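Q: Going down the list, the sequences are from chains A and B.
For the first sequence, my numbering assigns the number 126 to the initial residue and increments by one for each residue that follows.
For the second sequence, my numbering assigns the number 126 to the initial residue and increments by one for each residue that follows.
A couple of the hints might just be wrong.
Pairs involving identical chains hold if they fit within one copy or between any two copies, as the list cannot separate such chains.
Capping the alpha-carbon separation at 30 Å, the derived lysine-lysine pairs in DSSO-like fashion look like this [stated by the list, open to error]:
no.: 1; residue 1: Lys394; residue 2: Lys268
no.: 2; residue 1: Lys201; residue 2: Lys350
no.: 3; residue 1: Lys246; residue 2: Lys201
no.: 4; residue 1: Lys212; residue 2: Lys342
no.: 5; residue 1: Lys342; residue 2: Lys151
no.: 6; residue 1: Lys317; residue 2: Lys151
no.: 7; residue 1: Lys268; residue 2: Lys206
Note that these hints are calculated values from the structure, not bench results.
These numbers come from a predicted model, not from an experiment.
2 protein chains.
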Amino acid sequence: MLDCAIIGGGPAGLTAGLYTTRGGLKNVTLFELGLPGGQITQSSEIENYPGFFDHTKTGMQFMDSWQEQCFHFGLKHEMKKVERVAKTGEHFTITLEGGSTVEAKTVVVATGSTPKRAGFKGEDEFFGRGVSTCATCDGFFYKGKPVAVLGGGDTALEEAFYLSNICSEVYVIHRRDSFRAAPSTVDRVKRKDNIHLITNAVIEEVYGGVMGVDGVKYNQEGETKELAVPGLFVFVGHNVNNSVLKDENGSFICDVNDWGEVIVNLSMKTSVEGLFAAGDMRIEAPKQVVAAAGDGATAALQVIAYLQEQA
Amino acid sequence: MLDCAIIGGGPAGLTAGLYTTRGGLKNVTLFELGLPGGQITQSSEIENYPGFFDHTKTGMQFMDSWQEQCFHFGLKHEMKKVERVAKTGEHFTITLEGGSTVEAKTVVVATGSTPKRAGFKGEDEFFGRGVSTCATCDGFFYKGKPVAVLGGGDTALEEAFYLSNICSEVYVIHRRDSFRAAPSTVDRVKRKDNIHLITNAVIEEVYGGVMGVDGVKYNQEGETKELAVPGLFVFVGHNVNNSVLKDENGSFICDVNDWGEVIVNLSMKTSVEGLFAAGDMRIEAPKQVVAAAGDGATAALQVIAYLQEQA
């Protein structure tokens, strides 16, 4: 019987592991099929995690420095995919791929959310080197330079607005001629001098070299055009990685919102006692490493308090 | 007119400064009378901030690494004490010591909370070198060793319980013969073999040398006794630093709870539009650097979104 099962090995899960084990829990396992680290390992540079300001280090190197620390206090790592979590009486049953099960007194789910890819040529090749899905994270790297944004929803236009305060020009490429975003957002974007809307257009390719992206080729009404930009931001939606919280009938075991994000309070408590959520999969998540790590610490302290109450 | 006024220079305020300026706000000032850094600068060692795991560095050195980064993107520092914040129409007026005022479109309050000192001999001298006010932060440094706890409230007993899972013995020193903590908490603590309650006792002195604390002298019913412990945890209450949120009549300008902690939601929004709170002064704060920093990032992104909506 685990004191705590942590599902997901990004910043939230790792920090939950650090805080539970350093807080005296003896039997804590983090389930992550691959190497822990999370999405940030795909970034080529990080400058907004407080206390870490080294332009020569990549996201992979940044998370390297977390590994020793987060596993130093006794956290175990199980390289297994979790199929689902169920509350069985007072405890939880974690079903792993292949069907084996593990029992746990508490669970922290921190499986994140995954930005969708648009599918154009060069998207994967240049991801983290010019292609980004996070304006907050990467906008500043294009200060005073032109960038392109792909998408037409609320997020795309809000992020385009955010970028317009940093970058010289923002070209929004959208496949339709109207926008799904809220009318007030569309109005605001249209009033901004350095935002340019390119409608009825589809990105064909992002191209560049060893230094990163040089430009974008898009097709507008049958004609191929080019934009010489060093950065392209893709906002075509997110998948919340919440499948472990679905039972065998596909129903969620805890409350989620319309987008499948887990509903939590300020203590990262879900609607199920002993089950906590942390990081990008929860409602209102700012989707920043430091905030996910804060969630992980918060959830871990609540796990310890919950176990104390049961003692 | 400031885009954003940040009040308080601890981890929450500094991170809010980093995220607002890196997010493109041109005119952001952090008000902090002294050197930014916060309470953590009083610690001799930090091992629970993810990504920072260097036992040779002090809290002061740890926060040093934040300064360059958080001020790199244009954040200004005003070494002034803020008297109060008032919402005047759509904007805020910040009154500084001496009576001068500054206008701001948004405000992030991050003035923290200050653990009370008990007032015994050696308390200040050994603070951060054996005397602590945070079991989560410092408990692990006494793994397998005996520690003393001062206090008799809920926090004191809950923290004693937390420490009992890490330390060999926990001696709780309390000035009365009964405890103010919830009966269930008192029962739980009494059932724990390695927690020892010392009642009707007052700490006279904590003593030690250059390496830190060697022990505690306390007076129990007229007799001076000693405990040879390397760590003493003082839990005699907190002062929430909320005075800047009081108007001239002493009423709070936003909703606070019974303890004076600012009520926020997951976005760090207070009950006043454009006013955000972050870090240890808010409700349910885990009082950890990484969580305060997460709050600061969250509040900053909300500041930017709020200003965009007004654009």
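Q: Look at each hint and say if it fits the structure.
A: Here is how each hint holds up against the structure:
1. Lys394 to Lys268: This pair counts as between: shortest inter-copy Cα distance 29 Å, intra-copy 39 Å.
2. Lys201 to Lys350: neither (52 Å within a copy, 43 Å between copies)
3. Lys246 to Lys201: Answer is neither; intra-copy 39 Å and inter-copy 43 Å both fail.
4. Lys212 to Lys342: Answer is neither; intra-copy 50 Å and inter-copy 49 Å both fail.
5. Lys342 to Lys151: Neither. Shortest intra-copy (55 Å) and inter-copy (33 Å) distances fail the 30 Å Cα cut-off.
6. Lys317 to Lys151: between (55 Å within a copy, 17 Å between copies)
7. Lys268 to Lys206: neither (40 Å within a copy, 33 Å between copies)
Violated hints for the displayed structure, listed by number in ascending order: 2, 3, 4, 5, 7.
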